[in-house]
Amino acid sequence: AQRVTQPEKLLSVFKGAPVELKCNYSYSGSPELFWYVQYSRQRLQLLLRHISRESIKGFTADLNKGETSFHLKKPFAQEEDSAMYYCALSQEPGANNLFFGTGTRLTVIP
Amino acid sequence: ETGVTQSPTHLIKTRGQQVTLRCSSQSGHNTVSWYQQALGQGPQFIFQYYREEENGRGNFPPRFSGLQFPNYSSELNVNALELDDSALYLCASSVPQGIDTQYFGPGTRLTVL
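Listed in order, the protein sequences are those of chains X and P.
The opening position of the first sequence corresponds to residue 511 in the numbering used here, with each subsequent residue numbered one higher.
The opening position of the second sequence corresponds to residue 1338 in the numbering used here, with each subsequent residue numbered one higher.
Treat the hints loosely; a few may be bogus.
Listing some non-contacts, in silico: residues in chain X with all C-beta distances to chain P over 12 Å [stated by the list, open to error]:
{"no.": "1", "residue": "524"}
{"no.": "2", "residue": "570"}
{"no.": "3", "residue": "585"}
{"no.": "4", "residue": "592"}
Using C-beta positions, here's what the derived DEER-type ranges look like [as the list claims (entries may be wrong)]:
{"no.": "5", "chain 1": "P", "residue 1": "1355", "chain 2": "X", "residue 2": "617", "range": "33 to 43 Å"}
{"no.": "6", "chain 1": "X", "residue 1": "526", "chain 2": "P", "residue 2": "1402", "range": "44 to 54 Å"}
{"no.": "7", "chain 1": "P", "residue 1": "1406", "chain 2": "X", "residue 2": "526", "range": "45 to 55 Å"}
{"no.": "8", "chain 1": "X", "residue 1": "574", "chain 2": "P", "residue 2": "1390", "range": "28 to 38 Å"}
{"no.": "9", "chain 1": "X", "residue 1": "563", "chain 2": "P", "residue 2": "1404", "range": "29 to 39 Å"}
Chain P stretches covered by chain X per the calculated footprint, using a threshold of three residues with CB under 8 Å from any CB of chain X [stated by the list, open to error]:
{"no.": "10", "region": "1364-1378"}
{"no.": "11", "region": "1381-1394"}
{"no.": "12", "region": "1438-1450"}
Hint data in this document are derived by calculation from the structure and do not stem from the laboratory.
Keep in mind the model is a prediction, meaning the values are calculated, not measured.
Cβ atoms here follow ideal geometry from the backbone N, Cα and C, with glycine treated the same way.
Next comes chain P alone, as it looks inside the complex (with noise of 0.2 Å):
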């Protein structure tokens, strides 16, 4: 059994750039979550995907967007990268509507300058 993977590891981009994130599912699971977590705080959910849709969003803005591929990996799109987008960005999947839980990958940590 695979555990969810994610790339880059590390990135740092300048403020108004555009980064894309990317993260492949445990094996067997359809549905995506991504959180960014700021230094010294708990994750924040910023959106769900389920077969290739979106299903629920938190407090992020439009310029948070993602996509899920029909193997179920997905992707994180930041427009116009702020300052306070420097965080460590988490991919968790799961099964939804089941008793399984998320399974998190170990981060992509994005530094903008």
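Same shape as in the complex, but just chain X (with noise of 0.2 Å):
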């Protein structure tokens, strides 16, 4: 069965510090990671997929098959960066029914 940990439920950090949220996961398959965030009076959104290797807002996030994580990484964070950040796993890419962390609310310290 696929599991989806985020070890951090609380994590603050100052302005301009480095921040990573982390992720780890179980699933014996060849899953799609995700990293979805939620600001303040926001809908659920998505940050970024693996698949994408792309950079949005200065995140990224690599996935280690062999450490089964996906951490996100921002080398430095910004106020705008407060929100909840959830990690979620495909069990195959374009499955589109997601398996959620239990969130990480990221808040940035002026």
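Please assemble the complex out of the two chains, which come individually in their own frames, going by the hints.
Below, the structure written as structure tokens:
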């Protein structure tokens, strides 16, 4: 069975500091991994997906199949990055049914 | 382009009642997925509809059922409501088997008393 673990419920960093939000997964197949973000009073939206290998809003995430991790990183946090971040897994590319972690609330301190 | 909309925004029901939640998908999207998000948790996949047929289901009992209409809008029905059904219900639309991703609606907050 698939499982997504985000070990930190809350994470606070100072503006300009590096940030890393951790995500580990368990799934025996070849999953597709995503990061979704929910800003205050907004709907859940895609931040990035591993298959596209993009950098969005300065965030990157590398899929490490050996460690089954998909950590989200940004070298210099901004106040507007404060939000709830969810790591999610799809059992195969295009399957479109997502399994989410419990989320990490990131607060960037001015 | 119209985004995903859901109705109602909030709903209060009592235990044992039935509820219907509605979702209109984003223009051009023919697949709708429903998720339940309990307080402090991530969204949990309930089921997905494609071309008016159920196309995948998560670990939810049969009293959670759905419909998809020819215009791709969708309903989530929950019978015999239980206290634990209190949650935010999210709808997401997408194009199947493609490079597109899921677009989420704002959710319906259901409270069961």
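(request) Check each numbered hint from earlier against the structure, then list the numbers of those it violates in ascending order. (result) Hint check: nothing fails, all pass.
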